[in-house]
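> Sequence order for the protein chains is C and A. Using the UniProt record's numbering, the final residue of the first sequence is 512, and nothing's skipped along the way. Using the UniProt record's numbering, the final residue of the second sequence is 512, and nothing's skipped along the way.
Bear in mind the hints are in silico, worked out from the structure with no lab data behind them. None of the hints are false.
No copy labels: a pair is met if it fits in one copy or bridges any two.
Listed below are the simulated DSSO-like cross-link pairs for lysine-lysine, each with C-alpha atoms no more than 27 Å apart in a straight line:
(1) K173 to K239
(2) K68 to K361
(3) K419 to K407
(4) K407 to K239
(5) K242 to K306
(6) K243 to K361
(7) K361 to K484
(8) K282 to K243
(9) K137 to K243
2 protein chains.
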Amino acid sequence: MKILDCTLRDGGYYTEWDFHQELVHSYFTSFNELPIDYLEIGYRSNPMKEYLGEYFYCPDYVLEKVKKLSNKRLVIILNEKDVRPEHLDNLLSPCKGFIDMVRIALDPENLGRALKLAEGIKRMGFEVGFNVMYMSKWKQYGNFLSQIKEVDGVADYFYMVDSYGGVYPQDIKETIDLVKQRTSCKIGFHGHNNLELALINSLTAVEHGAAIIDATVTGMGRGAGNLKTELLLTALNAKEGKKVDFNALSNVVDAFENLQKHHGWGTNLPYMVSGANSLPQKDVMEWVTRRFYSFNSIIRALNNQKEKVQDNQKLPVFQPSKKYGQVIIVGGGPNAKLHQQAVKEFIRTLDNPCLIHASSKNAANYEDISADQFFCLVGNEGHRLESVFHNLSHFNGQCVLPPFPRKMGTYVPAAISDKSFELESITFTDRLQDSHTALALQTALALGAREIHLVGYDGYQESTISQLEKNLSDENEFLIDAFKKSQGPSLHSLTPTNYKNLPVASVYSYLV
Amino acid sequence: MKILDCTLRDGGYYTEWDFHQELVHSYFTSFNELPIDYLEIGYRSNPMKEYLGEYFYCPDYVLEKVKKLSNKRLVIILNEKDVRPEHLDNLLSPCKGFIDMVRIALDPENLGRALKLAEGIKRMGFEVGFNVMYMSKWKQYGNFLSQIKEVDGVADYFYMVDSYGGVYPQDIKETIDLVKQRTSCKIGFHGHNNLELALINSLTAVEHGAAIIDATVTGMGRGAGNLKTELLLTALNAKEGKKVDFNALSNVVDAFENLQKHHGWGTNLPYMVSGANSLPQKDVMEWVTRRFYSFNSIIRALNNQKEKVQDNQKLPVFQPSKKYGQVIIVGGGPNAKLHQQAVKEFIRTLDNPCLIHASSKNAANYEDISADQFFCLVGNEGHRLESVFHNLSHFNGQCVLPPFPRKMGTYVPAAISDKSFELESITFTDRLQDSHTALALQTALALGAREIHLVGYDGYQESTISQLEKNLSDENEFLIDAFKKSQGPSLHSLTPTNYKNLPVASVYSYLV
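So here's chain C without its partners, still in its complex pose (with noise of 0.2 Å):
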C-alpha cells in the first residue's frame, strides 16, 4: 500500500495556493523522515481570470526548488476540464526530470476526453493516475462504468474520489468491486472527511485491494477535507508497526496547525448535512468561510437543497399599490415586545404609517394595529409565520421575499401565496441580500419610506453567548451602514439598541 500526501495541492483552496517559505520548507524536510511514498505538490495550469497562486502553476523554480528539498516522489495534478492534448506540451515538458506522476481531476462524464489525455501524459513519460469525482453517484453514469477498462494500460492509479465526502464503508465496498470487475489498474482512493468516516473509509479500501491513498496534514484541503496523514500514519503505527517518525510527524503538524487557527478547515454541521446528502461542497465552503451567513441560514439552505423545496419559482413583483412616508420597522429583539405599548401610541400619532416585520418574531404583539403590514419571508421565516398567527386564513398582510433566484430557500406557506410577492433587486447592498434586514429596508424604499423607524433591532450584547447571535448582529451592522451610506431614507431606533452605527431617537421622546 503506497500513501499519496497533497497537503499542498488540496490545502490550496484555502489559501490560493500561497504558503509561506518556512512552511513549505517545514513540509518538504519534514516529509523526507516519513513513510510517505509520493508527494502531490499542485497544479500545473493554463492562465486563469481570477487570483491563483504558486502552487496552482508550479512555475519552473519551484520544481526545481522542490525536488532540491524533497527525496520523495513527486506529482502535479492538471484539471480535465480545463486542459486539452494540445497544452500538455507547454505545462508538462518543463515536468520532466522533477515531477514522476501527473494525475488528472475528471469528471466521470468526461473520461472518453481524459483518456486521450492520458495518452499523451503516458508518451511524455509520466506515470498517469486518473482522479475520478463523484464516486457516491457512479452508478447512475451507465457510459462511465462500461469505459472503466479502457483504462487497463493507461492509467497506472485509477483514483475513486468521494467527492462530497458521504461515503460509507459499505459503499466503499460496493465500489471497488464495480471497477475491479471492469479493470485491472491498480485502485486509489481520495476521502473527504465530512462525516469522519476518511480514516474508516481508506482502511476499507486498502483492506478490498486499494494500493493507493491520498491523506493531507491536518487533513487541509477543501471544504471539510481529508483523510488526515498523522490520523492515518499513527493507525498504521499501532496498527501493523509502520515506522513512523513522530518528531518529523509533529514537526509539520503544528506547522499546519498554526495555519488552520486562521483558515479553519475541517468537519462542521454544514458539511456534514452536505456531506450526507451528497450535496455540492462548493457553496457550502464558501459560505462557511466567507462568514456572511450563520450556520443556521446554511443548514437551512442545504435543507431546502436536500428537500428540494419549490421556493425558486418567480413570484409577481412587489409593487406596493399606496406610497408610505412613515415606516416602522420591527424587528425580533425582546425590545419591540417590552415597549409595545408606546410603539403603538407613535404609530397612532403618524401619518399614514405602515408596518414591516423584518422576522414575525414579535408580530403577534403587533397584531391589532390598524396600520398596514408587511412581512419578510426569508428561508424558514414562513413556519414561523404559521405558528405566530395559526389560522393564516385571516392574514391580511402582505408578504415580500427576496429578489429571485433565492439560494438561501424560501418557505411560502400556501395559505398566503396569493399575497407573497418578491422584490425585484436588492439596490443599497451586493451583499447579505437574503437577510431579514436587507429585505425589511429594501421593502421601506419600495414603500416609499421617508423615514424608518426600527423597533425590536436591540443587537449583541457582550454577555451572550450564542455565536449565531453575534453573526446576525454584525450583519446587521454592515447593512446599516450600507444603507446610511446609500444616502436613502433617514434612519434610527425608537428602542434601545446596541448597534453602534445606528442613531436612536426614543419612542418616548415622541410622546411628551
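Using the hints provided, position chain A relative to the given structure of chain C.
Same frame as chain C, now just chain A:
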C-alpha cells in the same frame, strides 16, 4: 435505538462542571426539539477536595431547574470508585421525581461492588446504566467476563466504554458478541473520537444490536472527546430519515462551538497516538490543555510509554567534584553559532569557566573549547548527541538528566551511560522541570555558578511559523522569570535575544 446526550456531564472535564446560565438554557430548550431520548446532566457526588462545579454535584435546585426546562428523560452518573451503598440515600433521594436513570461509571475490576450499588439504586426506583470502562482490555479481565451475567435484572443498560478511543468496528463486533453471550441486558456504547472512529463504531454497535448510544454536542468531553451529537443526527437523518430540526441543532452547536474556541477539545496528534496505543488519556489531557509542553514533547513521552523505554532507572545523582563561578549556557538558537568566535574569546578571559549545553544542537561548534562541558539530556536529546558527535567513544563531557522519575522519558546512549547523572531536584520552579532550560539552570546552580551567561537563547520571532517554537519560547520565558525570582546567580544573554525578560550584556562589550 435510543440516544443519550451527555454534553454537560462529559464536557464538564473542560469547565470544571460550571456552565453559563445562557448556555444551559440554550442546551435544554434546543434539545426539546431534537430526537434524543436521555440527557445526562452531570454527576452527584460526595464532597471532593479539589474545586468541582455546579454540574458535578447537581444540587437540588439544579435538578428542579432542569426538570422545568427539559422534556427529556434525565440522567445523572455516579463514580463507582467514590460511592458506597450507604451514600445512596443522601445522593439520590433528592433526585426522585427529577431523574429517570442513574448510571454508574466503573472499572471492570469493581463489577462486584458496582452490582451491590446498582441493587440499591434500582430499589429507589431509578433505571440503572452500567458504564464499564476500558472495553479494549476486557479480555484481559477474566473475572469480569464471567461476572457479566449477574447484571441481568439489575442493569437496564450495559455500556461498553471505549475509554482510550482506540477501538475499531471489528473490535465492536467482537466485544458485543462476548457480551451478548453472557447477558440479555440491553447494550450501550460510549465512543471516544481519538481516531475519528466514534461515528462508525457507534453505527456498527447499533447494527450489531446496541440499544443506546452516547453522544455530546461538538463532541465535548474528556480528552479527544466523544461522538458528536450533530454528526450522529445528521447521519441518521440522511440514512434513515430520522426527523431532525436543524434550526434547533445548529443553535445548540453554535453555542458550544463558541466555548470550544476557548477550551479546544477534539482530537489531535497526541490524542491519536494515545488512542491508537491504548495509553491512558489523563496525562495527555493535562499536557495538551495546560500547554506547558510542546506537541513534540508529548509525542516523545507517549512514544516512550508505548515502547516501554527503560529510561526511568535511577541514575547516580549529579555531584560535581568542582565548582565553577562562571557558567556559559549554550542554547539551540542560530546566534550561538553565528557569534561563536566572540563567545570563545570571552570564555578565554574567564577564570574557571564551564559550558552547559542546554541543547546539543550547537555543541559541535564548541568542541574545541578546553573548559569543562556539561550536556543536558532531555527526551530524545541523546539521539542528537549521537548524531552531533558521531563517535561518542571520545566524548569527555558529563550528561545531566532531570530528577527521577522522568515522565517525559530520556534516552541515554550506551557509550556515555557512565558519564550520565541525574539532578536531585529542580529547586527554582515546580513547572516544566523536564525542559532543557530548567535542567540547564539547575545544573548551573549545582555547579556553583555566581554568574550565568546565556548564548543562543534567540527566542521567538513574530515571523516564525512553527507553534512548536512559540511553545518553547513561552516555556523559556516562564523559566527565566522563575529563575530571576529565586534570587540565584545573575543571568544575562551574551548574544541577541527576543526574550523580553532576559537582560543583555553583549559578548562584544567584554572584548573591548
